[in-house]
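We have chain A; now place chain B onto it with these hints.
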Amino acid sequence: MRWLAVWRRNMLVWRKLMAAAMLSNLADPLIMLFGLGYGLGALLPSVEGMSYIAFFAAGQLCTATMFTASFESMFSGFARMHGQKTWDAILYAPLTIDDIVAGEIVWAASKAWLTGSTILGVAVVFGLARSAWVLLAIPAAFFVGLAFAAVGLIMCVLARGWDFFSYYMTLVMTPMMMISGVFFPADQLPAPLLAVAKALPLYHGVQIVRPLVAGGPPPDLAMHMTVLVAYAVAGYAVAIFFARRRFAS
Amino acid sequence: MRKSYGALEVVSGVDLSVAPGECFGLLGPNGAGKTTTLKLCLGLIEPDAGEIKLLGEPVPRRAREARKQVGVVPQFDNLDPDFTVEENLVVYGRYFGIREPQIRQRIAALLEFAGLAGRGDSKIMTLSGGMKRRLTLARALVNDPQVVFMDEPTTGLDPQARHLIWERLRRLTQEGKTLVLTTHFMEEAERLCHRLAIMDKGRIIAEGSPRALIAEHIEPQVLEVHGLGHEQWMEKAKALAPRVERVGDTVYCYGEEVEPLLRTLSGELSYLHRPASLEDVFLKLTGRDLRD
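Top to bottom, those sequences are chains A and B.
Quick note: the first sequence uses the numbering used here, first residue -6, plus one each step.
Quick note: the second sequence uses the numbering used here, first residue 289, plus one each step.
Hints are not guaranteed to be accurate.
Looking from chain A toward chain B, a few residues come up when the C-beta cut is under 7 Å (computed) [to be verified]:
| id | residue |
| --- | --- |
| 1 | A(-2) |
| 2 | G120 |
| 3 | A241 |
To spell it out: a stretch of chain B is covered by chain A in this simulated footprint if at least three of its residues, at any positions, have a beta carbon under 8 Å from a beta carbon of chain A; those stretches are [stated by the list, open to error]:
| id | region |
| --- | --- |
| 4 | 327 to 338 |
| 5 | 349 to 363 |
| 6 | 366 to 374 |
| 7 | 379 to 392 |
The hints are simulated quantities; they were obtained by calculation from the structure and are not laboratory data.
All C-beta atoms in this analysis are idealised placements derived from N, C-alpha and C, irrespective of residue type, glycine included.
For reference, chain A alone in the conformation it holds in the complex (with noise of 0.2 Å):
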C-alpha cells in the first residue's frame, strides 16, 4: 500500500484545484451529451429499444471516462514525471517506480471513475436510467478507466516530449471512440472493424454499462470485465517495464 501514499499527493493537488478539474472533465461531455442527444435524438425514434439520448449517454459515459483517465496518466503524468520531476523527488522516499506506477494508475482511474460517476448521476436526474441496475454502472466505470489509466501511463514513461501524445490520440483513442459502439451501434460495422473494436477496451465498457442503463443485467459481462481487466493488468505490467528502463538512466 506504499503506492497510497502517491495517490494522496495527487489527490491533495485535485483538492486544491478542484474546480477547474471538474468543470474540464465533465463540462465537454456533458454538453455533447445533451447537444447531440437532444438534438439528433429527436430525428430518431428509437436505437436497440432506448430513446438516443439513454443510449448516447452510455456511450458517452464511457468516453468522458476514457478521456479522463488517459488525459491524467498522459499529460499530468507527464507533467508530474517530466517538468516538476515529482517522481525524482518521490525516489529518494522509500518508494520504488513501480510503486509511483501505481499509484498513478489508480489515481487516474480514480480521477475518471468520479468523471464517470457524475455523467451516471446527470443521467438519472434527467431521467435517462430509471433502474437500481444502473448503479452497477458505477463500479463498471472505474474499470473503464483502470484499463486506459494504465495504457495512457505506458503513453506517459515513452513519451520524450509532450508532441508524442498526439498520435496516440489522434490514431487511436479517436478511431476508437468511432468503432465502440458510442454514437451508434457497433454491429451495423463491416466485420474487419468490428472485430477491431473488440480488441480494444471501450468497446467492452459500452457493452457493460449499456444494458445497465437500459435496466438490466449485460449479457457476457464476465467476458468484457475480462478484457478490461486484461488491459489494466498489461498495461501496469508493460508501463512499470518502460518506467523501470527510463528511470535506470
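Below, chain B alone, put in the same frame as chain A:
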C-alpha cells in the same frame, strides 16, 4: 563500483567509505561522475560491478530499507509547485510512512531550521532561490535521517544564501548527522568537509582532509602575475620558483616562498600573493581544460 551508460563508463572503479558523523565532500569538474556516484550510493541505479552498503544495508537490493534513514537534496529543486511550504513537508513525510500528526509536530522546528518560520502557508512560486533550497533541505530532514546526501547544495545561490546554508549544514554535523555532498565550490569543500575526494573521469584521483590535500599536492605559496611584459618576466621567474605555469595572460608561480620573485616585479605587472588553496590542488589534478 562501476557504471556505464552505453559505451561511456561514467564511474570507473570508485572505492570510498564515509564514517558516521563525517561531512564528506565529492569534488570534481562537470561530468566527473559525482551525481552518478551519489545515485549508486542511494540505490537509484544499479552498478555494473561492485558492492555498495548504505547504513549497513546492501544497495540496491535493500535500498528501500536504507533510504528510510536517508535524506536527499538534489541538484535541481523539485519541490511540489502546487503545494504550500507546509504541504510540501507533510506530503513528503507521507512517502516515508510517517503519520500526519507526527509530521505536523516537526514542522515548526523544520521551518525554523530552514529560516522559513511563519512561511508555512506560502506558495512555492513566491519563494526565492535560497528559500527553495532551504525548504528542499528541510524536506530532506522530514524523516530525521542519519545521513543526508546533497548534490551541489549551493549552486546558483547568492553569497548570503550560501553562507546561511553552510551554517545550517555545520549545525547538522554538530547534531551528529553524516553528510555527503558534491560540489565544485572549493571554498565550500574547504569550509565544510572533514574529508573529501577529488573525482575526475569516473575515478577518485585524491582523497584526504582539505589541509592534507593542500599539503600533499601543492606548494604553500602562490604568486599570480599579469600585465604587460609577463612573458619576459616568466622566463626570469622559472629560475626562482620550482613550478611556473601560464594560463592566458596570467603567470602562476608556486613555491615554498615567493619573496625573491616579488622583488623582481617591475611597474607594469600586477600581482596577487596568496596562500595555496584547494582550488590550486583541484586545478593541478584535473587540469585547466574546460569541461562541458
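Evaluation of the provided hints:
1. A(-2): 4 Å, holds
2. G120: 39 Å, violated
3. A241: Holds. Min distance 6 Å.
4. 327 to 338: holds (count 4)
5. 349 to 363: Coverage by chain A holds here, the residue count being 8 at a Cβ distance below 8 Å.
6. 366 to 374: Three-residue rule met by the region 366 to 374 of chain B, so holds; n is 6.
7. 379 to 392: Our answer is that it holds, as 6 residues pass the Cβ test (under 8 Å) against chain A, meeting three.
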